[in-house]
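2 protein chains.
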Amino acid sequence: MQQEIPYKIYLEEDELPYSWMNLRAYMDKKPAPLLDPATMQPITQEALSKVFCEELAKQELDDTTKLIEIPKEIRDFYKMYRPAPLVRAYCLEKKLGTPAHIYYKFEGNNTSGSHKLNSAIAQAYYAKQQGLKGVTTETGAGQWGTALSMACSYFGLDCQVFMVKCSYEQKPFRREVMRTYGAHVTPSPSTTTAVGRKILEEFPGTNGSLGCAISEAVEASSRDEGYRYVLGSVLNQVLLHQSIIGLEAKTALDKYGVKADIVIGCAGGGSNLGGLITPFMAEQLEGKAKYQFIAVEPATCPTLTRGTYAYDYCDTGKICPLSKMYTLGSGFIPAASHAGGLRYHGMTSVLSELYDQGLMEARAVKQTEVFEAAEYFARIEGILPAPESAHAIKVAMDEAIKCKETGEEKVIVFGLTGTGYFDMMSYEKFHDGKMVNYTPTDEEIDTAIAKLPKF
Amino acid sequence: MQQEIPYKIYLEEDELPYSWMNLRAYMDKKPAPLLDPATMQPITQEALSKVFCEELAKQELDDTTKLIEIPKEIRDFYKMYRPAPLVRAYCLEKKLGTPAHIYYKFEGNNTSGSHKLNSAIAQAYYAKQQGLKGVTTETGAGQWGTALSMACSYFGLDCQVFMVKCSYEQKPFRREVMRTYGAHVTPSPSTTTAVGRKILEEFPGTNGSLGCAISEAVEASSRDEGYRYVLGSVLNQVLLHQSIIGLEAKTALDKYGVKADIVIGCAGGGSNLGGLITPFMAEQLEGKAKYQFIAVEPATCPTLTRGTYAYDYCDTGKICPLSKMYTLGSGFIPAASHAGGLRYHGMTSVLSELYDQGLMEARAVKQTEVFEAAEYFARIEGILPAPESAHAIKVAMDEAIKCKETGEEKVIVFGLTGTGYFDMMSYEKFHDGKMVNYTPTDEEIDTAIAKLPKF
Chain A
66 MQQEIPYKIY
76 LEEDELPYSW
86 MNLRAYMDKK
96 PAPLLDPATM
106 QPITQEALSK
116 VFCEELAKQE
126 LDDTTKLIEI
136 PKEIRDFYKM
146 YRPAPLVRAY
156 CLEKKLGTPA
166 HIYYKFEGNN
176 TSGSHKLNSA
186 IAQAYYAKQQ
196 GLKGVTTETG
206 AGQWGTALSM
216 ACSYFGLDCQ
226 VFMVKCSYEQ
236 KPFRREVMRT
246 YGAHVTPSPS
256 TTTAVGRKIL
266 EEFPGTNGSL
276 GCAISEAVEA
286 SSRDEGYRYV
296 LGSVLNQVLL
306 HQSIIGLEAK
316 TALDKYGVKA
326 DIVIGCAGGG
336 SNLGGLITPF
346 MAEQLEGKAK
356 YQFIAVEPAT
366 CPTLTRGTYA
376 YDYCDTGKIC
386 PLSKMYTLGS
396 GFIPAASHAG
406 GLRYHGMTSV
416 LSELYDQGLM
426 EARAVKQTEV
436 FEAAEYFARI
446 EGILPAPESA
456 HAIKVAMDEA
466 IKCKETGEEK
476 VIVFGLTGTG
486 YFDMMSYEKF
496 HDGKMVNYTP
506 TDEEIDTAIA
516 KLPKF
Chain B
66 MQQEIPYKIY
76 LEEDELPYSW
86 MNLRAYMDKK
96 PAPLLDPATM
106 QPITQEALSK
116 VFCEELAKQE
126 LDDTTKLIEI
136 PKEIRDFYKM
146 YRPAPLVRAY
156 CLEKKLGTPA
166 HIYYKFEGNN
176 TSGSHKLNSA
186 IAQAYYAKQQ
196 GLKGVTTETG
206 AGQWGTALSM
216 ACSYFGLDCQ
226 VFMVKCSYEQ
236 KPFRREVMRT
246 YGAHVTPSPS
256 TTTAVGRKIL
266 EEFPGTNGSL
276 GCAISEAVEA
286 SSRDEGYRYV
296 LGSVLNQVLL
306 HQSIIGLEAK
316 TALDKYGVKA
326 DIVIGCAGGG
336 SNLGGLITPF
346 MAEQLEGKAK
356 YQFIAVEPAT
366 CPTLTRGTYA
376 YDYCDTGKIC
386 PLSKMYTLGS
396 GFIPAASHAG
406 GLRYHGMTSV
416 LSELYDQGLM
426 EARAVKQTEV
436 FEAAEYFARI
446 EGILPAPESA
456 HAIKVAMDEA
466 IKCKETGEEK
476 VIVFGLTGTG
486 YFDMMSYEKF
496 HDGKMVNYTP
506 TDEEIDTAIA
516 KLPKF
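So the protein lines, in turn, are chains A and B. Residues in the first sequence are numbered from 66 upward in steps of one, following the working numbering. Residues in the second sequence are numbered from 66 upward in steps of one, following the working numbering.
Just so you know, nobody snuck in bad clues.
Intra- or inter-copy, both count: the list cannot distinguish identical chains.
Lysine-lysine pairs mimicking DSS-like chemistry, simulated, CA-CA at most 25 Å apart:
#: 1; residue 1: K320; residue 2: K144
#: 2; residue 1: K160; residue 2: K144
#: 3; residue 1: K469; residue 2: K431
#: 4; residue 1: K73; residue 2: K144
#: 5; residue 1: K320; residue 2: K73
#: 6; residue 1: K137; residue 2: K159
#: 7; residue 1: K355; residue 2: K469
#: 8; residue 1: K193; residue 2: K160
#: 9; residue 1: K137; residue 2: K160
#: 10; residue 1: K193; residue 2: K159
#: 11; residue 1: K123; residue 2: K389
#: 12; residue 1: K263; residue 2: K519
Please keep in mind that the hints were generated in silico from the structure rather than gathered at the bench.
The whole structure should be built from the sequences, with the hints applied where relevant.
In structure tokens form, the structure reads like this:
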């Protein structure tokens, strides 16, 4: 007989994973290698180590080691806010009247407010180990910047954050949280970097984008010997660290003998979704199980659903390595939507490859329907979600409603990546009926894609 | 041999208490009864039921029943965000270099951001049971208003919130969270009530106070048959519901064979501290154990340390029942500090009586030292505390540092009542060095106390 499932499944401290899982090692057809922008050849670990810490450069290129041990110092930090709960959404199921069983992995119970801390602490740890003075980074919605500030403060590293301008303005208090953790925050594009000045010249009055902010942070890191650049999404290393989300979720389900049918996550650069699906996808790639995976992206920035699969720059300034990925073109600047964390032109190469192989689906949703789902969920499940996370809620609810129609008792698992405490200006717009939906035209996308690098 | 203690102790769902604990029932000398402002005689349940829901009026007056069963509907709601973790502050202990063992009961992992939800859901439940249309209330820092909005939304009740003006202005996004849950929020004092207009006339330009807001909410509740007033602190019923904090904390400690030496909480109206100490104090009153209890209050509003023990009105407008309590006088309007939730002129009668009997200590602390402790804690333990909660952190750290000096391995337990996500304007002032400490003069206090009702 199946054990009764509590509202929240908390693993014990010793059930917290001892290793991260490297999804690439399970793939027969691996993601294409990163290219060095100087040579347009696969980048070497040596070249990559000029941008990233050595250990992280190594992790970035390693596509064969299945399990990578989590250093004790990082695991100790994880214990402060992990294991994160896997929540059975009993109230939501009841309200929707669905036979589906809905679970969500909640990553918002830490001060950064999201899953980003999982990789931030790892990257700060390796930077500290290498004897660096500090790190530079970009942040969209501000969750990554906050997470990195916390991690740097813990290890005593300087932290310089370039924050996408539209988020900087929408979330005035985010800066203050980062400051509480001792970080320095600059709105991007800024005049403090050459690439920032160039972007401002080309697009005066731009709201910025993750792509711009990345370029600025990379440039800033190269100004001082003791600094390296760190990134909160897109990279293989980040997906590796975020695998802890999926590992915990799967351990919790296994503990209660529950097999997921559908796994859903929002997708900007792909870090939370990549982390969440890792152990499930690995099992499927080993032929041991079958799942339906759904990536949910904003209609304003429809990377998977309307982008193209090609080599592209990861940043607007074209100074980072190139990645083969689904992309709207590194020159594509999405409209200022209320899900700043999903405003990225590309998608991590692992998810891009899985999507290309037909192993994952993708859906694009409009922001007003996302906020409707967010408010509905907040009222029923008592958690105020981040707009980014609410993309997954929207599709999870859609799937649960389908189950109501078909009578199927599917098990739906989705990633609730973070909380919306700093998104109240967006909620206000929604409440006041002032939120508009923007979908880029085919011409806009075609124009940006036409500028992809040629080989 | 003692079991190794994890960073966070999470109870199982079936360890969540089935009953609240009524501390008054354990006291030989009970708190003095509430007085009816119309007769100045002990208030009857009938008279009290005109203000509060019937079941809550009953709980308010019951000082003999030790355990009161938690209705299933409330316990089900509790399961969405409880049991709350009892955290072992390993990182803080290490950083302070103290032999003390520090634990904190963290109540911030829910969208209201504090422990207030524990009583809000109970009060909303009884209002619904009685067939009411809605409730009115006041809120200081906004945590209670948010909690009540969530609870009302869950049970489909209308929710009208009078928010202390200085908090309304300091925390613009709090209103929006309440609105997400469908509540109506009015800054207090307002011109929508007679008592509000009177207060504005007497003190033009006032920042408001909890006392004012209570008066307005009580008046608003009397305008419509289907409404009752609910209150987030001070009352016996609230302490009863908040006993869940202490019950869980004590169960968690008992589970690992840990005996607390010092129990610390911040004290505004006294709800979290009262709830936290309940099972510990009950044990002590039964002669089974001995603890040191410390109430921490802001120096701007030093109710216990500088107030007097006498009958006083619970509200500025003098329309609520009178309570015998430590008070600065219901006419005392504290300076606009950054711990809005602690700006109350009185202290719940249970804690007042215990303090008067010498069973509890009290300390008043300055806000700059509170924010120093808050930032220190945030960086070490990874949780950004509410300014109110940081009062307890400050004294817990002081006690831990004393242990360092004496070498004592004391077990310190404190209540971390909530998170500071909506307090970033206050943190900003602190970072910018613009935060000032204000301590009322003896004359100010004497003047307010001189106006206490005479018998």
